[in-house]
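Engineer: These are the residues of each chain, in order.
10 protein chains.
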Amino acid sequence: MFFHVRMDVQLPPDLDPAERAELLGRERDRAIELQKAGAWPGLWRIVGEYANISIFDVPSNDELHDILSSLPLFPYMKLQVTPLATHPSKI
Amino acid sequence: MFFHVRMDVQLPPDLDPAERAELLGRERDRAIELQKAGAWPGLWRIVGEYANISIFDVPSNDELHDILSSLPLFPYMKLQVTPLATHPSKI
Amino acid sequence: MFFHVRMDVQLPPDLDPAERAELLGRERDRAIELQKAGAWPGLWRIVGEYANISIFDVPSNDELHDILSSLPLFPYMKLQVTPLATHPSKI
Amino acid sequence: MFFHVRMDVQLPPDLDPAERAELLGRERDRAIELQKAGAWPGLWRIVGEYANISIFDVPSNDELHDILSSLPLFPYMKLQVTPLATHPSKI
Amino acid sequence: MFFHVRMDVQLPPDLDPAERAELLGRERDRAIELQKAGAWPGLWRIVGEYANISIFDVPSNDELHDILSSLPLFPYMKLQVTPLATHPSKI
Amino acid sequence: MFFHVRMDVQLPPDLDPAERAELLGRERDRAIELQKAGAWPGLWRIVGEYANISIFDVPSNDELHDILSSLPLFPYMKLQVTPLATHPSKI
Amino acid sequence: MFFHVRMDVQLPPDLDPAERAELLGRERDRAIELQKAGAWPGLWRIVGEYANISIFDVPSNDELHDILSSLPLFPYMKLQVTPLATHPSKI
Amino acid sequence: MFFHVRMDVQLPPDLDPAERAELLGRERDRAIELQKAGAWPGLWRIVGEYANISIFDVPSNDELHDILSSLPLFPYMKLQVTPLATHPSKI
Amino acid sequence: MFFHVRMDVQLPPDLDPAERAELLGRERDRAIELQKAGAWPGLWRIVGEYANISIFDVPSNDELHDILSSLPLFPYMKLQVTPLATHPSKI
Amino acid sequence: MFFHVRMDVQLPPDLDPAERAELLGRERDRAIELQKAGAWPGLWRIVGEYANISIFDVPSNDELHDILSSLPLFPYMKLQVTPLATHPSKI
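As they're listed, the protein sequences go chains C, F, Z, L, B, Y, D, E, W and S. For the first sequence, position 30 (counting from the first letter as 1) is numbered 30 according to full-length UniProt numbering, and the numbering increases by one without interruption. For the second sequence, position 91 (counting from the first letter as 1) is numbered 91 according to full-length UniProt numbering, and the numbering increases by one without interruption. For the third sequence, position 13 (counting from the first letter as 1) is numbered 13 according to full-length UniProt numbering, and the numbering increases by one without interruption. For the fourth sequence, position 11 (counting from the first letter as 1) is numbered 11 according to full-length UniProt numbering, and the numbering increases by one without interruption. For the fifth sequence, position 26 (counting from the first letter as 1) is numbered 26 according to full-length UniProt numbering, and the numbering increases by one without interruption. For the sixth sequence, position 91 (counting from the first letter as 1) is numbered 91 according to full-length UniProt numbering, and the numbering increases by one without interruption. For the seventh sequence, position 83 (counting from the first letter as 1) is numbered 83 according to full-length UniProt numbering, and the numbering increases by one without interruption. For the eighth sequence, position 78 (counting from the first letter as 1) is numbered 78 according to full-length UniProt numbering, and the numbering increases by one without interruption. For the ninth sequence, position 31 (counting from the first letter as 1) is numbered 31 according to full-length UniProt numbering, and the numbering increases by one without interruption. For the tenth sequence, position 19 (counting from the first letter as 1) is numbered 19 according to full-length UniProt numbering, and the numbering increases by one without interruption.
Because the hints were derived from the structure by calculation, they are not lab data. Do not rely on the hints blindly, as some may be mistaken.
What the hints assert, rightly or not - Derived pair list, reagent style SDA-like, types lysine to any residue, alpha-carbon separation capped at 25 Å:
(1) Z:K36 x Z:P88
(2) Z:K78 x F:H87
(3) F:K90 x S:R30
(4) S:K78 x S:R30
(5) D:K36 x D:P13
(6) Y:K90 x B:S70
(7) E:K90 x S:R30
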C-alpha cells in the first residue's frame with residue numbers, strides 16, 4: 001500500500017554540531033535500511049527547502065506510523081501523510 | 001530532472017456524458033503515452049479525492065509546462081508543481 | 001485499518017427536488033449497507049453543517065477509495081481522508 | 001452527547017526525560033480511566049503525527065471542558081473541539 | 001448549554017425578489033420565535049457583512065442542529081459552531 | 001455599542017507559579033470590575049481552549065482599546081475585535 | 001470614530017453594460033456625498049485590484065453598517081471592517 | 001521603480017472560441033507594446049498554471065494601476081502587486 | 001505616492017524595561033519627525049492589537065523601504081505594504 | 001532555465017553583532033559571485049520586509065538546490081521556489 005509523506009525538518013539552531021552530525025548519520029542509515037527493505041521506494045529533496053517528499057510502501061497504517069515515529073529525526077519533523085490508491089491510468 | 005505535481009480535477013457538473021467519456025479517454029491515452037516515454041514515472045490517486053500525485057522526469061521547465069498544458073484535462077485542473085532534487089540519502 | 005474521513009456535501013441549488021430525494025435515498029441505503037458490513041463504524045453529523053465525520057474500517061487504501069468514490073453523493077462532496085493508527089493509550 | 005476532538009501535542013524539547021515519562025504516565029492513566037467511565041469512546045493516533053483524534057461522550061460542554069483542561073498534557077496541547085449530532089443515516 | 005454560532009449568508013443573486021422577501025420574512029419570524037423561547041439569547045449583525053454572530057442556549061447538540069438546519073436560510077448559509085463553557089471569571 | 005472579542009491566552013511556560021497566580025488574580029478582579037460596570041456583558045470559555053469569547057458594550061473604539069490594553073493578561077493575549085451592529089431580527 | 005474598511009468588488013461578468021454603468025454612477029454619487037459629509041475621509045484604489053481601502057469617520061457601529069449596507073455596490077462587495085483607535089504617536 | 005506582479009488568469013469556460021482568440025490576441029499585442037516601451041521587463045509563465053510572474057518598471061503607483069487595469073484580460077485576472085526596492089547586494 | 005502599511009509589533013517578552021522605554025521613545029520621536037515631514041499622513045492603532053495601520057506618502061519604493069527599515073522598531077515588526085493609487089471617486 | 005525564489009530571512013535576535021556582520025558579508029560576496037556568473041539575474045528587496053524576490057537561471061533542479069543550500073544565510077531563511085517557463089508573449 002502506498003503513502004505520500006512530506007517531511008519538513010526543523011533542527012534546533014543551538015544543537016551541538018557533533019550531536020547533529022551523529023543524529024543525521026543515524027537518520028541516513030535508517031533511510032538506507034528502509035529503502036533496501038522496499039518500504040521507502042520514493043525519496044526526493046524539495047528544491048530550496050530542508051524538506052523531502054517520500055513514497056512509502058507498507059502493509060498497514062500502524063506499520064507506517066511505527067516506521068515514521070522511529071525515525072531519529074521524528075522529534076524535529078512535521079509530517080503530512082496522504083494515503084494513495086492505484087490510479088486508473090497507471091500502466 | 002524530477003518534478004512533483006499535484007493535480008486536482010474539477011469537471012463542469014453539466015458536462016455532456018459522452019463528451020466527458022471522450023475527454024477522459026483522451027486523457028488516459030495521453031497519460032499512457034507519457035508513461036511509456038518515461039516522462040511520467042509516478043502516478044497515484046489520492047484516496048477519496050478526484051486528484052492525483054504525479055512524479056515527472058523531464059529535461060526542462062519548458063518541456064514540463066508543454067506536457068502539462070497539453071493534457072486534455074488541463075483546462076479543468078488546478079496544478080501545483082514542486083521541483084525536486086536528488087536526496088542525499090537516496091540509494 | 002481505520003481511516004478518519006470528513007465529508008462536506010454541496011448539492012447544486014437548482015437540483016430537481018425529486019432527483020435530490022432519489023439521490024439522498026440511494027446514499028442512505030448505501031451508508032446502511034456499509035455500516036452493516038462493518039466498513040463504516042463511525043458516522044456523526046457536524047452540528048450546523050451539511051457535513052459529517054466518519055470512521056471507516058477497511059483492509060486497504062484502494063478499497064477505501066473504491067467505497068468512497070462509489071458513494072452516490074461522491075460527485076457533490078469534498079472529502080478529507082486521514083489514516084489512523086492504534087493509539088498507545090487505547091484500551 | 002458526542003464531541004470530536006483533535007489533539008496536537010507539543011512537548012518542550014528540553015523537558016527533563018524523567019519528568020516527561022512521569023507526565024506521559026499520568027496522561028495514560030487518566031485516558032484509561034476516562035475510557036473505562038465511557039466518556040472517551042474513540043481514540044486513534046494520526047499516522048505520522050504526535051496528535052490524536054478522539055470522540056468524547058459527555059452530558060455537557062462544561063463537563064467536556066473540565067475533562068479536557070484536567071488532562072495532564074493540556075498545557076502542552078492544541079485542541080480543536082467539534083460538536084457532533086446524530087446522523088440521519090446512522091444505524 | 002451555550003454555543004457560539006457565526007452565520008454567513010449568501011443568497012443566489014438571481015433569486016426572485018418576491019421569493020427573497022418571503023424567505024427573509026419566514027427567517028425573521030423563526031428568529032423571533034426562538035428568541036422568545038430563550039434558545040437564541042444573543043444576536044448581532046457583523047458590521048459591513050451579510051453575517052451575524054449568535055449565542056444559542058440549548059440542552060443538546062442534536063437540538064442545536066435541528067434548530068439551525070430548520071432555519072429557512074439554512075441552505076444559503078455557512079455556519080461555524082463553537083461550544084462554550086462557563087468562564088471562571090463570569091459573574 | 002457592542003463589540004465581539006476573541007481572546008487567545010498564551011502564558012510563558014516558564015512563568016514563576018506565584019507570579020502566574022498573582023497575574024491571573026489581577027485579571028479576574030479586573031474582569032469582575034468591568035462586568036459590574038456593564039462594559040463586559042458576555043464572557044464564555046471556548047471548550048477545550050485557553051481562550052474566551054467576549055461581548056463588550058462601550059461608547060467608543062478608543063475606550064475599548066484602553067480597556068483591552070489595560071487587562072493584566074494583555075501582553076500574553078492575541079485579540080480579534082469585531083464591531084457589531086443591531087440585528088434587524090433582534091427582539 | 002475611525003474605521004478601516006477594505007472593499008473587494010466582484011460584479012457578475014454577465015451584468016448588462018447599461019445596468020453596470022448606472023450602478024457605478026450611483027455608487028460614485030453616494031461616495032462623493034459621504035465624503036462631503038465627512039464620513040468617508042480616506043479612499044484609495046489598491047493597485048492592480050478592483051478593491052479599495054477606505055477610512056470612515058462615524059459616531060457608531062450601527063451608523064457605519066447602515067452606510068456600508070446602503071452602498072449600491074454592497075450586494076457585489078466583500079467588506080472587512082477594522083475598528084481603529086487613536087495612536088499614541090499621532091500628532 | 002520596480003513592481004512584482006503575479007497574474008492568475010481565469011477565463012469563463014463558456015467563452016466563445018472566436019471571442020477568446022481575439023481577446024488573447026489583443027492581450028498579446030498590448031504585452032509586446034509595453035515590453036517595447038520598457039515598462040514590462042520581466043515576464044515568465046508559472047509552470048503548470050495559467051498564471052505568470054511579471055516585473056514592471058514604472059514611475060508611479062497610478063501609472064502601474066492604469067497599465068494593469070487597461071490589460072484586455074484584466075476582468076478575468078486576479079493580480080497581486082508587491083512593491084520592490086533596490087537590494088543592497090544587487091550588482 | 002500613497003502606500004498602506006500594516007505594522008504588527010512583537011517585542012521580546014524579556015526585553016529590559018529601561019531598554020524597552022528607550023526604544024519606544026526613539027520610535028515615537030521618529031514617527032513624529034516623519035509626520036511633520038508629511039511622509040506619514042495616516043496613523044491609527046488597531047483596536048485590541050499591538051499593531052497599527054499607516055498611510056505613507058513618499059516619492060518612491062526605495063524611499064519607503066529606507067524609512068520603514070530605519071524605524072527603531074523595524075527588527076521587532078512584521079510589515080505588510082500595499083501600494084495605493086488614486087480612486088476614481090475620490091474628491 | 002528560470003526559477004522564481006522568494007527568500008524570507010529571520011536571523012536570531014540574540015546573534016552576536018560581529019558574527020552577524022561577518023555572516024552578512026559572506027552572503028553578499030556569494031550573491032555578487034553568483035550574479036557575475038549569470039546564475040542570479042534578478043534580485044530585488046521586498047519593500048518593508050527582510051525578504052527578497054530573486055530570479056535564478058540554472059541548468060537543473062539539483063544545481064539550484066546546491067546554490068541555495070550553500071548560501072551562508074540558508075539556515076536562517078525560508079525559501080519558496082517556483083519553476084518558470086517561457087511566456088508566449090515574451091519578446
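Engineer: Given the hinted pair K78 (chain S) and R30 (chain S), is their Cα-Cα distance within 25 Å?
Structural biologist: Holds, because 18 Å separates the two Cα atoms, which is no more than 25 Å.
Engineer: Quickly compare the C-alpha distance for K90 (chain Y) and S70 (chain B) to 25 Å and report which way the hint goes.
Structural biologist: 18 Å, holds
Engineer: Please work out if K78 (chain Z) and H87 (chain F) have their alpha carbons no farther apart than 25 Å.
Structural biologist: The hint is violated at about 34 Å.
Engineer: So if I understand the rule, the pair passes when the alpha-carbon distance is 25 Å or less; does K36 (chain Z) with P88 (chain Z) pass?
Structural biologist: 28 Å, violated
Engineer: CA of K36 (chain D) to CA of P13 (chain D), is that 25 Å or under?
Structural biologist: Outside the cut-off at roughly 32 Å; violated.
Engineer: Does the alpha-carbon distance linking K90 (chain E) and R30 (chain S) stay inside the 25 Å limit?
Structural biologist: 11 Å, holds
Engineer: Tell me if the straight-line CA distance from K90 (chain F) to R30 (chain S) falls inside 25 Å.
Structural biologist: 28 Å, violated
In this structure, the earlier hints numbered 1, 2, 3, 5 are contradicted, and the remaining ones agree with it.
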